[in-house]
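In case you want the letters, here they are:
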Amino acid sequence: MNLTLKIWRQKNANDKGKMVDYQISDVSPDMSFLEMLDVLNEQLINKGDDPVAFDHDCREGICGMCSLYINGEAHGPDRGVTTCQLHMRMFNDGDTIYIEPFRASAFPVVKDLIVDRSAFDRIQHAGGFISVNTSGNTIDANAIPVEKHNADKAFEAATCIGCGACVATCKNSSAMLFVGAKVSQFALLPQGQVEATDRVLNMVKQMDEEGFGNCTNTGACEVECPKGISLENIARMNQEYLKASLKG
Amino acid sequence: MALDSKTPQGPIADKWTNYKNHIDLVNPANKRNIDVIVVGTGLAGGSAAATLAELGYNVKAFCFQDSPRRAHSIAAQGGINAAKNYQGDGDSTYRLFYDTVKGGDYRSREANVYRLAEVSANIIDQCVAQGVPFAREYGGLLDNRSFGGVLVSRTFYAAGQTGQQLLLGAYSAMNRQIGRGKIKMYNRHEMLDVVIVDGKARGIITRNLITGEIERHSAHAVVLGTGGYGNVFFLSTNAMGSNVTAAWKAHKRGAYFANPCYTQIHPTCIPVSGDHQSKLTLMSESLRNDGRIWVPKKKEDVEAIKAGTLKPKDLKEEDRDYYLERRYPAFGNLVPRDVASRAAKERCDAGFGVNATGEAVFLDFASAIQRYGKEQAHVKGLDENDAALVKKLGQEVVKNKYGNLFQMYEKIVDQNPYETPMMIYPAVHYTMGGIWVDYNLMTTVPGLYAIGEANFSDHGANRLGASALMQGLADGYFVLPYTIGDYLSDDIRTGPIPTDTKEFEEAENNVRERIDKLVNNNGSHSVDYFHKKLGKIMWNKVGMSRNEKGLKEAIEEISELRQAFWSDVRVPGTANEYNEELAKAGRVADFLELGELFAKDALHRTESCGGHFREESVELDGPQKGEALRNDKDFAYVAAWEYKGEPKDAVLHKEELEFNDIELKQRSYK
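Note that the protein sequences, when read in sequence, are chains X and U. Under my numbering, the residue at position 41 of the first sequence is numbered 41, and the numbers go up by one with no gaps. Under my numbering, the residue at position 170 of the second sequence is numbered 170, and the numbers go up by one with no gaps.
Hints should not be assumed to be uniformly reliable.
In silico BS3-like cross-links for lysine-lysine, where the CA-CA straight-line distance does not exceed 30 Å [what the hints assert, rightly or not]:
| # | chain 1 | residue 1 | chain 2 | residue 2 |
| --- | --- | --- | --- | --- |
| 1 | U | K380 | X | K148 |
| 2 | X | K148 | U | K517 |
| 3 | X | K205 | U | K184 |
| 4 | X | K16 | U | K584 |
| 5 | U | K391 | X | K47 |
| 6 | U | K380 | X | K6 |
| 7 | U | K401 | X | K47 |
| 8 | U | K532 | X | K148 |
| 9 | U | K182 | X | K205 |
| 10 | X | K47 | U | K536 |
| 11 | X | K148 | U | K374 |
| 12 | X | K148 | U | K401 |
| 13 | U | K392 | X | K148 |
| 14 | X | K47 | U | K584 |
| 15 | X | K6 | U | K532 |
| 16 | U | K184 | X | K11 |
| 17 | U | K584 | X | K18 |
| 18 | X | K11 | U | K15 |
| 19 | U | K532 | X | K11 |
| 20 | U | K532 | X | K47 |
Just so you know, the hints here were simulated from the structure itself, not pulled from any lab data. In this text the structure is predicted, and so the values were computed from the model without any measurement.
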C-alpha cells in the first residue's frame, strides 16, 4: 500500500506545532500501525531528518502507553484495540491518514505525538488504593468471599489501561470514565468499602483540579475505550459521590 | 573474591524464620534518616518501593515509562502460583519448592526457592486485601488453574490479565505512599550509572528523557528491579523499552552477572509475519490447559494446508500428530516451556511447520469447545447431541476463560481462533539469568540489590509458568524489606549522602562522554539496523539450540558488530531534548556487550540444562533418547561473571549448588 500521512509535528511543549505531510510506500497490511510509523522513522533517520516521536511500549495493547488520534478517533478506526493493535489492513491503498496527539488541556503535548498524562497518576495518588499495609499479615484470602457477579464487574472496571482515550474523545475532555472505573473497582469489593467515602471525594476533587471537563453523558468515551470500560462505571461513581456527599 | 551465598544454617524449612529472628532492625525514627533508591516499577520494584516507604524509609523510585503503571509486568497474562492448596489436590510449600527446583532443572539455589514457596501464600492474601480482583467461583471463593510442569492447580489468575491486575495492585500501594510523600516518583527517567562510594552503592546517575538533563541521585542503598534482557534478541515478547542497561551498568561497576545464557523461549507465541515485525506477542501458557498442540502426520497434508487447499479443522483425527501427547504422555500439552519449545522446533525443522515460513504449529481448541459445550448442555438440561448448541455453549466457556487472548490473536493474525486452530511458535520471553545475588538479594557490590527478573536466583535454568509474578512480588513485598534493613542498620548515623563528590562527578562525566559520542557519531545506519543484526545472530546461533561452532562464530560476529556500531551508528537530534533514538542507542550498545558474554557463557556450559540446550549433550539411547542431557558432576554451579573490560575477558566465578533437600534426578515428563 502507498499512503499519505499528515502528522502533527511539535518540537517541544512551547513550540506552536503544525501538520506535516509524508509519503510512505510498500506498507504491508500485516503491519501494525506503529510498525508502519517505524518504517517512516527509519526513512527519516536515513535522510537525516528528525524521526516522529510517539509513545509506545508493550505493543500488545496492555501497557496503555500508545496514544494516537488517527483520522479523528482515539486509537484509530478499529474498535476494542489500542493503536499498537491496529493493523494496516484497516486502511486502503492511496488513503490519507491524519495522525495527531491526544488533545486535552490536562494532557499537554511533550513532543510531536507524545502527551503528558501525569494528571491521571495524581488522581490515583489522591485515593486510588486501599489503605492496607504490605506486610502480608492480612487475613486469609478466602476469608473474604466476593459474589462472583461483583468480582467480575470489579475486574472489568480494573482492566482500564489508563491510556486517556476517553479524555481525548470527550468533547469536554472529561476523565469520568477513567476515574469511575477505579472508584467502581473498589466500590464493588468488600475490601474497598471502608474508605469508600473519602476515596470518591478525594479522587473527584483531584480530577477537577487537574482541569478535566464535566461529563455530559454523550457516551463517546465508552465507544472509543480500547478495553470497553462501561458507562455504568460513571453512573456508579455518581452514586458513590452522592452517597459520600450526603454523609459529609 | 569467593562467592558466599550467605545462606543461613539449619533445616531448610526453618532458615527464613530463623534468619528473620536474628537480623538487625532499624528503629522507625532512624528509618526516616535513610534513603533508598528503587529503579524500575514493575512487580518487584513497585512492591519494594511501596513496602520500603511504608516501613518509613525515604524512597526515590525511577521508571523510564511515563507512569509506573506501564512497567512490563503489566503484560503477564496467565497467573501467579501460590501453595495455598485451596483445591485440596495435595499442594504444599514443599511441593511448590520441589516443582520449582525440578522445573529449573536443578540449577537454582535451594534455600532461595524454599523461601519463595514459603511466602507465596502470603502474596495472595496481600493482593486480595489490596483489592486485586482475582477470578472467583460461584461460591465467592478464589478459582485456580493449572500450568505447565506441575500436577496440581495452584495458579491464581485474573482472566488473561493477571500481571496487569497484580501490577495495578502494587501501583496502588505505591500511589498511597506517593500521596503521603514517602515515595518521590521520577517518571521518564533512565538510570545510566551506579555510583560507588567507599565500596558501597550510594547513588545513581539518570537522564531525564524529556529534557535530556543528567541528574545525580544519592541514597544509602540502591535496588534494581529492572527486569530481564530478552530484547538482546531484538524480537521477543518484551516491551520495546525493556533493556539490560541498568543491570549492565551495575555489572560494569562490580556486580557479577550470573548465568546469562539461561533464556526462556516460550512455546506459545504468535509466529513472525515479516521483516517489519517489531515485537512478538505471547499467547498465555494457560491456553495449554485446554488447547492441544499438533502438526499433520503427513508432509502432503502440510503442503495442502500451506497452499490453502486443506483447512486444518478438516484434517482427520488420525492424520494429526499431537506430538507432545505422543512424546510425553504423563504431562502431555502441559510439559514445561523449554520442553514444549524444543519439541515444536524439532517438528518444524523436520518439515512439518504449518505456515508459509515453516515455523508454526497448531494450538487447537476444538476438543475443549466440545467438552465444555457438552458439560454446559448437561448442567442446563439441554440436548447434548445438538452439535450447533454444544459448540455455542463451549465457545462461551472458552471465551470466558481466554476471551482477551483470542481477541488479541484475531486482531494480529486476522483469523478467528474459535473456528480454526491458532498458529503458534516459540519466542524469547524471559531471562532466568541476571545479576548474581546472595540470600539477601544483595549483589557483589555492598548496598546494591537486584530483585525480580533482574536477578538470577530462583528459576535455575528454566522458569515454570506463573512463577515470575510470584518471585517479583515475593522479593519486593516480603524478602527485600527484611534483608535490606539488616544492611541499613549500619547506616543510621551516616546522614545524607552528598552528591558533590568526585565519585558522582566521575560517574556523571562517563555518562556525558558516552552520550556525546553517540549523538556526534554521524554514522550511516540507524540503531535498529544494528539491533536487528544482533537479534539475528542471537536467534540463529545462541537461540533454542546451541553448538560449539555456532557459539564461537556468534562471539566473533557480535564483537565485530559492536565495533561497527560504534563507528557507524547514526543518532539524529541532540542530547538536550526528548530523543528516543539516543535512548535506544545507549541500550543497544549495552546489548552488544551482554550478547557476547551471553554466548561466552553458553559456550562454556557444555551440558544441556533447562532453556540451555547444547546439541553435543543429549541422551543417546534408552527411553529418554534425544532428550537433553545434564551434567551434574561438572556443572552443578552458578556461573557468575566478573567484568574485566571486554566481554571476552570476563572472569568466571562459581557458586557450587548444594542439594540437601531434593535429590538430583533427570527431569522426566514422560
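Checked against the structure, which of the hints given earlier come out wrong? The structure breaks hints 2, 5, 6, 7, 8, 18; every other hint is satisfied.
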